[in-house]
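Given these sequences and hints, build the entire structure.
Protein chains in written order, with the numbering used here: chain E, 6 to 326; chain B, 6 to 326.
Hint data in this document are derived by calculation from the structure and do not stem from the laboratory. Incorrect hints may have been included.
Calculated pairs, EDC-like style, for lysine to aspartate or glutamate (alpha carbon to alpha carbon, straight line, at most 20 Å) [claimed, not checked]:
hint: 1; chain 1: E; residue 1: Lys297; chain 2: E; residue 2: Glu276
hint: 2; chain 1: E; residue 1: Lys326; chain 2: E; residue 2: Glu316
hint: 3; chain 1: E; residue 1: Lys303; chain 2: E; residue 2: Asp293
hint: 4; chain 1: E; residue 1: Lys259; chain 2: E; residue 2: Asp69
hint: 5; chain 1: B; residue 1: Lys94; chain 2: E; residue 2: Glu106
hint: 6; chain 1: B; residue 1: Lys46; chain 2: B; residue 2: Asp67
hint: 7; chain 1: E; residue 1: Lys303; chain 2: E; residue 2: Glu316
hint: 8; chain 1: E; residue 1: Lys297; chain 2: E; residue 2: Asp162
hint: 9; chain 1: E; residue 1: Lys138; chain 2: B; residue 2: Asp69
hint: 10; chain 1: B; residue 1: Lys94; chain 2: B; residue 2: Glu225
hint: 11; chain 1: E; residue 1: Lys94; chain 2: B; residue 2: Glu106
hint: 12; chain 1: E; residue 1: Lys303; chain 2: E; residue 2: Glu325
hint: 13; chain 1: E; residue 1: Lys50; chain 2: E; residue 2: Glu276
hint: 14; chain 1: B; residue 1: Lys50; chain 2: B; residue 2: Glu13
hint: 15; chain 1: E; residue 1: Lys326; chain 2: E; residue 2: Glu276
hint: 16; chain 1: E; residue 1: Lys46; chain 2: E; residue 2: Glu20
hint: 17; chain 1: E; residue 1: Lys94; chain 2: B; residue 2: Glu276
hint: 18; chain 1: B; residue 1: Lys50; chain 2: B; residue 2: Glu23
hint: 19; chain 1: B; residue 1: Lys94; chain 2: E; residue 2: Glu196
hint: 20; chain 1: E; residue 1: Lys303; chain 2: E; residue 2: Glu203
hint: 21; chain 1: E; residue 1: Lys94; chain 2: B; residue 2: Glu110
hint: 22; chain 1: B; residue 1: Lys138; chain 2: E; residue 2: Glu203
hint: 23; chain 1: E; residue 1: Lys326; chain 2: E; residue 2: Asp7
hint: 24; chain 1: B; residue 1: Lys94; chain 2: E; residue 2: Asp93
Example chain B residues on the side facing chain E (calculated, C-beta under 8 Å, incomplete) [claimed, not checked]:
hint: 25; residue: Leu37
hint: 26; residue: His88
hint: 27; residue: Lys112
hint: 28; residue: Asp118
hint: 29; residue: Ala126
hint: 30; residue: Lys138
hint: 31; residue: Ala141
hint: 32; residue: Pro282
hint: 33; residue: Glu285
Just so you have them, the derived chain E footprint on chain B, three or more residues with Cβ under 8 Å [as the list claims (entries may be wrong)]:
hint: 34; stretch: 153 to 167
hint: 35; stretch: 226 to 240
Note that this is a predicted model, so its numbers are computed, not measured. Don't be surprised by glycine CBs; every beta carbon is placed ideally from N, CA and C.
Number of protein chains: 2
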Amino acid sequence: MDLNVIYESMRQDLELVENRIKVVSQVENPSLSELLDYSLKNNGKMIRPVLTLLSGKFYNHDMDRLVSMAAAVELMHTATLIHDDAIDKSPVRRGRATVYEVWGEEKAVLLGDYLFAEAGAFTASTGNIRAIKLFAATLKTISSGEISQAFDAFNPDQSRHQYLQRIARKTASLFSMATESGAALSEAPEESIQVLIEYGYNLGIAFQIVDDILDFIGSEEQMGKPIGSDLAQGTLTLPALLIMEYYPEGNPVKRLFDNRDDQDSIRLAIEQIRNSPVIEECYQVASDYIQKACSNLKVLPQNETCQTLMEIADYIVQREK
Amino acid sequence: MDLNVIYESMRQDLELVENRIKVVSQVENPSLSELLDYSLKNNGKMIRPVLTLLSGKFYNHDMDRLVSMAAAVELMHTATLIHDDAIDKSPVRRGRATVYEVWGEEKAVLLGDYLFAEAGAFTASTGNIRAIKLFAATLKTISSGEISQAFDAFNPDQSRHQYLQRIARKTASLFSMATESGAALSEAPEESIQVLIEYGYNLGIAFQIVDDILDFIGSEEQMGKPIGSDLAQGTLTLPALLIMEYYPEGNPVKRLFDNRDDQDSIRLAIEQIRNSPVIEECYQVASDYIQKACSNLKVLPQNETCQTLMEIADYIVQREK
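Pasting the structure below:
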C-alpha cells in the first residue's frame, strides 16, 4: 500500500507537525535561517512522527503536545542524519545535496547540534518528564550505537547478534521513543504503552534491515544516494554479513575489508548479494520482526488508528525506497 | 586569589559533582568507556558547575538535584569543546591531545552528541521543567552563536556590537544558565533569580573577553594551546578588532584576513597586540562587565556564598590561564 494512502486519514494532523517544523527556520540570523530552511524542507517519509501521532491517539490526548512531540522526534532524526552525512562525508541524500556538501563540515556539525537542541525544546514544551527523560536517554542510545558502528568499521569479525544490537540502538531506539512518547502523552495504561514500545522497537529493527537490503538492491534514483554506500563506509549490514557466513573461504566483502580502496570488490559484492538467496533470507528476518511488532496490537482498542499501525508495518517490508 | 583558595569552602560539594561525572564513563561498551574516560578527566577550572552550586545555595535546595544540574552544566560545556575541537581540527587543549586528535573527527562528533544527551539526562533527572527548558534553549543559543562565528570567519567587517552579541550567545548564555538553573532549583524568589542571571551573563561576557585577551598575551605552556589560535581560525576577537579600529589604513589582522595562509601576519598581529594599549582597553571592558555582574549581588543574602561569587568575579579578570 502506498504511504500516501496509509496517511490519508491523518493528513490534517501531519500538516500540523509539518507547520510546527516550518516555524523552526524563522530565526533572526539570516545565515542560520537559510541553513534551517534547507535542512527542514521535507522529503522524508515522516514515519517516526506519524508513529508518535498514532500512538497518542488511542487515549486522552492534548493535540498540541502530541504535535510538539512528533515534531521533536522528526527533528531529532533530521539532526542525526545531518551529523551522519558530515562524518561520512556523504554528498547526497534523498536525491539532494547534503548540508555537508553545500556548507561544509563545520556548519553541518553545528546545525545538527542546533537541531538536537530544538528537538529537546519541543520535547520540554510538552512538560512531560517521562517523555523528556526518554528523549535524552534515546539520544545517548543512538550516539552509542553510532560510536560502536564507527569502531567496528571495516572489521570483518562481526556476528548477527552484534549487528542486531547495533541497529537496535541506532534505529529501533528512535522508533520506540516515537511510540512510547506518544503513548505516554495520552495517559495510556502502562500495558498499552509497553505494547506500543514493543511495536516501535520491532518495527525499527525491520525498518533498518529493509534499509540495509535496499542499499544493495535499490536503484540509485529511487534511493537518492549511491548503492552500496554502507559497504563503502565499512559498515557490515545483514546482507553483507550473510555473504561472509555463506562464503567464509573468500568473498568480495572480505576482500574489500582487507583493502578499503578496492572499488572492484564493492561492485562484485553488490552483484553477488543481488544474485543470491541472501536477500530473501534478510527479508524473512525483517518479516519476522514485523510479525512480532504486530503480535500484541490486539491489546489496544481495535480502531482505525490500530489499523493504520498494521498498514505501516506491512509497508515497511514492501517499500522500494 | 587562587581558584583553589576560592573553592576551599565548597570542596566537598565539588567532589560530589566530580564523582557524578566520573560515573558517566562506566558504560558497557569498552570503546565508548575509554572515550568518555579520556574526555572527562578533569583538568578544567570547573567555574560553570561551581556557579550552579553557589547559585543554588542561597535558599532551600536539594543537594542531590543541585549536583546533577552542576554535572549537566559541566558536561554540556565539555561536549561543546569536543565539537569545537573537531570542527577547528585543534590538536591540543588544556595541554593534552584533543579527542579529535586521538580518535578522529567521526568519533569526536558522536562523542559530543553523546555528552549533550548525558547532560540532558542529568538535567531531566532534576525534574525541574524550568531548568530543562533552559537547558534546551541554551544549547540552541550556543549553537547559533557558533554558527554565526563560522559564517563570520575571516570577515574583517565586524563591529564591537557583533562581537559582544556573539560571545553573549557562545559563552555568556551557558554562564547564565549555570546560575539560573541553580537558583531555580532552590526555590529562590524571582528577583534573586534575575540577579543571578545578570551576574552569570555579565561574568560570562567578561570571562570570554579575558579568554580572548589571553589567546594573545598568554604563554602557550599556561594556556595549553597555541597562542593566536582564534585569529588563525579567522575569528575576530576584541583585541584584534581594536587593532583594526586603531589602524584602519593597514594592519596585520586585515592582511591575514585577506590572505589566510599568511603565517607572518599572525606572528605580527600577536606582536602588535601584545605591545599596544589595546590589551589594557580590553581589560577595562572586561572589568566593566565584572562590575556590572556584582552590582546587584547585595540583593542576595550577604553570606559566604555571596562572598565567593564576588571572589570568582575578581578571579575572572586576574587569571593568567
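Here is what the structure says about each hint:
With a CA separation close to 31 Å, the supplied pair E:Lys297 and E:Glu276 exceeds the 20 Å bound. A hinted pair counts as satisfied when its Cα atoms are at most 20 Å apart, and E:Lys326 with E:Glu316 qualifies at roughly 17 Å. About 17 Å separates the Cα atoms of E:Lys303 and E:Asp293, which keeps this hinted pair within 20 Å; it holds. Taking the CA atoms of E:Lys259 and E:Asp69, the gap is near 51 Å; set against the 20 Å cutoff, the hint is violated.
For the suggested pair B:Lys94 and E:Glu106, the alpha carbons sit about 18 Å apart, so the restraint of at most 20 Å is met. At most 20 Å may separate the alpha-carbon atoms for a hinted pair to count; B:Lys46 and B:Asp67 exceed this at roughly 26 Å. At roughly 14 Å between alpha-carbon atoms, E:Lys303 and E:Glu316 fall within 20 Å of each other, so this suggested pair holds. The suggested pairing of E:Lys297 with E:Asp162 is violated, with an alpha-carbon distance near 28 Å, which exceeds 20 Å.
This hinted pair checks out: E:Lys138 and B:Asp69 have alpha carbons roughly 17 Å apart, not beyond 20 Å. Note on B:Lys94 and B:Glu225: the hinted pairing holds, with a Cα-Cα distance of about 18 Å set against a maximum of 20 Å. Restraint check for E:Lys94 and B:Glu106: the C-alpha separation of about 18 Å stays at or below 20 Å, so the hint holds. Proposed proximity of E:Lys303 and E:Glu325 is contradicted: the alpha carbons are some 28 Å apart, above 20 Å.
Distance check on the hinted pair: E:Lys50 and E:Glu276 sit about 28 Å apart at the alpha-carbon level, beyond 20 Å; violated. For the proposed pair B:Lys50 and B:Glu13, the alpha carbon gap of about 14 Å is at most 20 Å, so the pair holds. Between E:Lys326 and E:Glu276 the CA atoms are separated by roughly 19 Å; this keeps the pair inside 20 Å, and the hint holds. The straight-line distance between the Cα atoms of E:Lys46 and E:Glu20 is roughly 13 Å, inside the 20 Å bound, and the hint therefore holds.
In summary, the hint linking E:Lys94 to B:Glu276 is not supported, as the alpha carbons are separated by about 39 Å, beyond the 20 Å threshold. Taking the CA atoms of B:Lys50 and B:Glu23, the gap is about 12 Å. The hint holds against a cut of 20 Å. In summary, the hint linking B:Lys94 to E:Glu196 is not supported, as the alpha carbons are separated by about 49 Å, beyond the 20 Å threshold. At roughly 13 Å between alpha-carbon atoms, E:Lys303 and E:Glu203 fall within 20 Å of each other, so this suggested pair holds.
The suggested pairing of E:Lys94 with B:Glu110 holds, with an alpha-carbon distance near 11 Å, which does not exceed 20 Å. Note on B:Lys138 and E:Glu203: the hinted pairing is violated, with a Cα-Cα distance of about 29 Å set against a maximum of 20 Å. Proposed proximity of E:Lys326 and E:Asp7 is supported: the alpha carbons are some 12 Å apart, at most 20 Å. For the given pair, B:Lys94 sits about 16 Å from E:Asp93 by alpha-carbon distance, which is consistent with the 20 Å threshold.
Contact between B:Leu37 and chain E, as hinted, is supported at the beta carbon level, the nearest pair being about 5 Å apart and thus within 8 Å. Using the Cβ-Cβ criterion of 8 Å, the hint placing B:His88 at the interface with chain E is satisfied: the shortest such distance is roughly 6 Å. Contact between B:Lys112 and chain E, as hinted, is supported at the beta carbon level, the nearest pair being about 6 Å apart and thus within 8 Å. Restraint check, B:Asp118 versus chain E: the minimum CB separation of about 4 Å is within 8 Å; hint holds.
Residue-level restraint check for B:Ala126 holds (minimum Cβ-Cβ distance to chain E is 4 Å; threshold 8 Å). Using the Cβ-Cβ criterion of 8 Å, the hint placing B:Lys138 at the interface with chain E is satisfied: the shortest such distance is roughly 5 Å. Annotation: B:Ala141 was flagged as interfacial toward chain E, and the flag holds, the nearest CB pair being 4 Å apart, inside 8 Å. Contact between B:Pro282 and chain E, as hinted, is not supported at the beta carbon level, the nearest pair being about 33 Å apart and thus beyond 8 Å.
Taking 8 Å as the C-beta cut-off, the interface hint given for B:Glu285 is violated, the closest approach to chain E being about 33 Å. Given as covered by chain E, the stretch 153 to 167 of chain B passes the check, having 3 residues with a CB less than 8 Å from a CB of that chain where 3 are the minimum. Under a criterion of three residues with beta carbons nearer than 8 Å to beta carbons of chain E, the stated coverage of the stretch 226 to 240 of chain B fails, only 0 such residues being counted.
When each numbered hint is compared with the structure, violations occur for hints 1, 4, 6, 8, 12, 13, 17, 19, 22, 32, 33, 35.
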